[in-house]
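S.K.: Sequence:
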Amino acid sequence: MFAPFDAAVGVAYHLVTGLTSLLEPLTGGLSAAVAIVVFTAYVRLALLPLSVRQARASRARLRLEPQVRKLLDRHRAEPVRARQEIGALYRAEGTSMWAGIGPSLLQMPVFTVVYRLFLSPAVGGHANLLLAHTLFGTPLGMRWLLSAGAFGPHGLVFLGLFALLALTAWWTSRQARRGPAPRGVLGRVTRVLPYGTLLIAAYVPLAAGLYLLTTTLWTAAERATLWRTPAAT
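Following the numbering used here, the numbering of the sequence shown begins with 2 at its first residue and continues without gaps.
Derived by calculation from the structure, the hints in this document are not laboratory data. Fair warning: there could be bad hints in the mix.
[As the list claims (entries may be wrong)] Quick list of the computed label-pair ranges, beta carbon to beta carbon:
#, residue 1, residue 2, range
1, Thr220, Glu94, 24 to 30 Å
2, Gly153, Leu49, 38 to 44 Å
3, Thr113, Arg92, 18 to 24 Å
4, Ala93, Ala167, 41 to 47 Å
5, Gly153, Arg84, 35 to 41 Å
6, Gly138, His15, 25 to 31 Å
7, Pro110, Arg75, 37 to 43 Å
8, Arg84, Tyr204, 41 to 47 Å
9, Ala93, Ile201, 20 to 26 Å
Keep in mind that this is a model prediction, so the values were computed, not measured. Positions of the beta carbon are idealized from the N, C-alpha and C atoms, including for glycine.
Produce the entire structure from the sequences given, and follow the hints as far as they go.
M.R.: The structure is reproduced here in structure tokens:
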């Protein structure tokens, strides 16, 4: 990792450990697991303005897609003119072909830092003490395929996590089928992609799995809200 990312992971680590200490009187042995969920929710809340912009841009592109196709067909022999007219169409609608990409790019470093925090066995040259905490007796640093076993006491905690991830993936996929989404092969990939979180969660520490569950559930809730209200148009 680059030094700026190391520093950011260190800051995130201190925030989550501080939350753990704050929540311990209320949640006892679940304090670190709850702190991960709360911290992830706060991160997503801070990024909400970027998500709103991204949703608006995506809706605009999907709304203009039929007109863009007509322009591409009309000027098939003149690709330069086609791009010019498509650009003019987007400008008339107050958006652009690239709107929404900026917010996505800005979110990526944040998600990288948070995910790295819950994946790293050490932070700042010291052991990541978050991973020593437990969720229903299962260490947050444990990985299902590598150490937990499929059906033992620890494995059952992972299976519960997988069930929640599967439900969230189903909800996300259902939204993709019912709402505005890419068509064709890209549309099918979009509907299947959410289930990839199950594969990731099988290999990463339980702490990272909790992060995945929280952030994917938040994403599904954002899609259900931002893509279907006047505020997202």
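S.K.: Would you mind marking each hint as holding or not holding in the structure?
M.R.: For each hint, the structure was consulted:
no.	hint	result
1	Thr220 <-> Glu94: 24 to 30 Å	25 Å, holds
2	Gly153 <-> Leu49: 38 to 44 Å	39 Å, holds
3	Thr113 <-> Arg92: 18 to 24 Å	33 Å, violated
4	Ala93 <-> Ala167: 41 to 47 Å	43 Å, holds
5	Gly153 <-> Arg84: 35 to 41 Å	58 Å, violated
6	Gly138 <-> His15: 25 to 31 Å	26 Å, holds
7	Pro110 <-> Arg75: 37 to 43 Å	40 Å, holds
8	Arg84 <-> Tyr204: 41 to 47 Å	42 Å, holds
9	Ala93 <-> Ile201: 20 to 26 Å	41 Å, violated
Of the hints listed earlier, those the structure fails to meet are numbers 3, 5, 9, in rising order.
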